[in-house]
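A.B. asks: Sequence:
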Amino acid sequence: MLDLRSGYWQVEIRPEDREKTAFTTGQGLWQFKVMPFGLCNAPATFERLMETVLRGLSSEACLVYLDDIIIVGQTFEEHLNNLHKVFPETTKSQP
1 MLDLRSGYWQ VEIRPEDREK TAFTTGQGLW QFKVMPFGLC NAPATFERLM
51 ETVLRGLSSE ACLVYLDDII IVGQTFEEHL NNLHKVFPET TKSQP
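Sequential numbering of the sequence shown, starting at 1, is according to the UniProt record's numbering.
Please note that the accuracy of each hint is not assured.
Each pair of labels, with its calculated beta carbon distance range [said to hold, decoys possible]:
#, residue 1, residue 2, range
1, Phe-76, Phe-23, 14 to 24 Å
2, Leu-63, Glu-12, 47 to 57 Å
3, Asn-41, Leu-2, 20 to 30 Å
4, Pro-88, Ala-44, 45 to 55 Å
5, Gly-28, Ser-58, 41 to 51 Å
6, Glu-16, Gly-38, 13 to 23 Å
7, Phe-23, Pro-43, 14 to 24 Å
8, His-84, Thr-45, 22 to 32 Å
9, Leu-63, Thr-25, 17 to 27 Å
10, Leu-63, Phe-37, 12 to 22 Å
Source of the hints: derived by calculation from the structure; they are not laboratory data. Virtual Cβ for every residue (Gly too), placed ideally from N, Cα, C.
Whenever a hint applies, use it, and build me the whole structure from the sequences.
C.D. replies: Rendered as structure tokens:
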């Protein structure tokens, strides 16, 4: 299993939607530029994004759950092969 640590923070919020994340502190008004963990739609948005990134892979190779990628295989060799399929897909999607 891969835990996509800080994965939500990699998703940019469109400028026209940033005001929806606004909050105030004693230092002024702030808006998120990236998707924080805790927004009600963040899990579904991130999971949809990861499903798109891993679109070419079947559920026999990996599954996405929230910010985790679960890589499976019936044998050690199949699991290793699936790891080799998943890693390139995640790295080529980086900006």
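A.B. asks: None of the hints should be skipped; say for each whether it holds.
C.D. replies: Verification of the supplied hints:
Checked against the hint of 14 to 24 Å, the C-beta distance between Phe-76 and Phe-23 comes to roughly 48 Å, which is inconsistent with it. At about 25 Å, the beta-carbon gap between Leu-63 and Glu-12 misses the expected band of 47 to 57 Å. Taking 20 to 30 Å as the suggested C-beta distance range, the pair Asn-41 and Leu-2 conforms, at roughly 23 Å. For the pair Pro-88 and Ala-44, the beta carbons lie near 26 Å from each other, so the given range of 45 to 55 Å is not met.
Evaluation of the 41 to 51 Å hint for Gly-28 and Ser-58 yields a pass: the beta carbon distance comes to about 49 Å. Remark: the range hint 13 to 23 Å for Glu-16 to Gly-38 is upheld by a beta-carbon distance near 21 Å. A hinted range of 14 to 24 Å holds for the C-beta pair Phe-23 and Pro-43, which are about 20 Å apart. Range check, His-84 to Thr-45: Cβ separation about 28 Å, and the 22 to 32 Å hint holds.
At roughly 39 Å, the beta-carbon separation of Leu-63 and Thr-25 lies outside the given 17 to 27 Å, and the hint is violated. In this structure the hint that Leu-63 and Phe-37 lie 12 to 22 Å apart at CB holds, the actual value being about 20 Å.
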